[in-house]
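With chain A fixed as given, assemble chain B onto it according to the hints.
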Amino acid sequence: DAKTTQPNSMESNEEEPVHLPCNHSTISGTDYIHWYRQLPSQGPEYVIHGLTSNVNNRMASLAIAEDRKSSTLILHRATLRDAAVYYCILRDLGDDKIIFGKGTRLHILP
Amino acid sequence: DAGVIQSPRHEVTEMGQEVTLRCKPISGHDYLFWYRQTMMRGLELLIYFNNNVPIDDSGMPEDRFSAKMPNASFSTLKIQPSEPRDSAVYFCASSFGTSEGNTEAFFGQGTRLTVV
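Those protein sequence lines, which keep their order, are chains A and B.
Going by the working numbering, the first residue of the first sequence is number 1, and it counts up by one from there.
Going by the working numbering, the first residue of the second sequence is number 1001, and it counts up by one from there.
Just so you know, these hints were derived from the structure itself, not from any lab.
Misleading hints may appear alongside valid ones.
[Stated by the list, open to error] Think about it this way: if two alpha-carbon atoms lie no more than 25 Å apart in a straight line, the pair counts; the simulated DSS-like pairs of lysine-lysine are: (1) A/K97 to A/K3; (2) B/K1078 to A/K97; (3) A/K69 to A/K97; (4) A/K69 to A/K102; (5) B/K1068 to B/K1024; (6) B/K1024 to A/K97; (7) B/K1068 to A/K97; (8) B/K1078 to B/K1068; (9) A/K3 to A/K102.
Just chain A, same shape as in the assembly:
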């Protein structure tokens, strides 16, 4: 499985944008970049995914580097409820599985 590298933890202030980085230098052409997050005492939940182009949805934006070796999850205006562990995952088109790494623990300061 292709690997991703994320910082162990990050802090951000409430109501400010948050940029969560992910490095995936060995990504293959058919790997999709997925992001999940896990709120305290909950199961993981899907956030967003993309292949080459930047993606936006109601939860977040995903910015993908032109060479696809890195990506950034953007929370436009963080709230206390966004405090969670964020997982960046590569998932090949034909792969059924979702393999989680250690993720980034995001702390939001009031």
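Just chain B now, with coordinates in the frame of chain A:
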């Protein structure tokens, strides 16, 4: 849909006892996944099913663990006999596959298992 439903939410059992965890996936989903989460090892995929058939059980730790999916709306994960090191949160997730790959997975709330 109520989402993925797991039961029980909490289970405390004595070492050596049999434990059965239950999962009801989202209706219409054809993939079901069982994960285990601990502080030390993070989220580990144990086994997954497609159309009720086990596809990959390489993550099942040992023979004490078994999983079944008798129909599209129900799955069990059984540990017999249980040991203290099995203490963890167990998650069930479901998704459906398309010609362009799997869609996102939806996770249940988990079962927190404590073996004393």
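Hint check against the structure, violated hint numbers in rising order: Structure breaks no hint.
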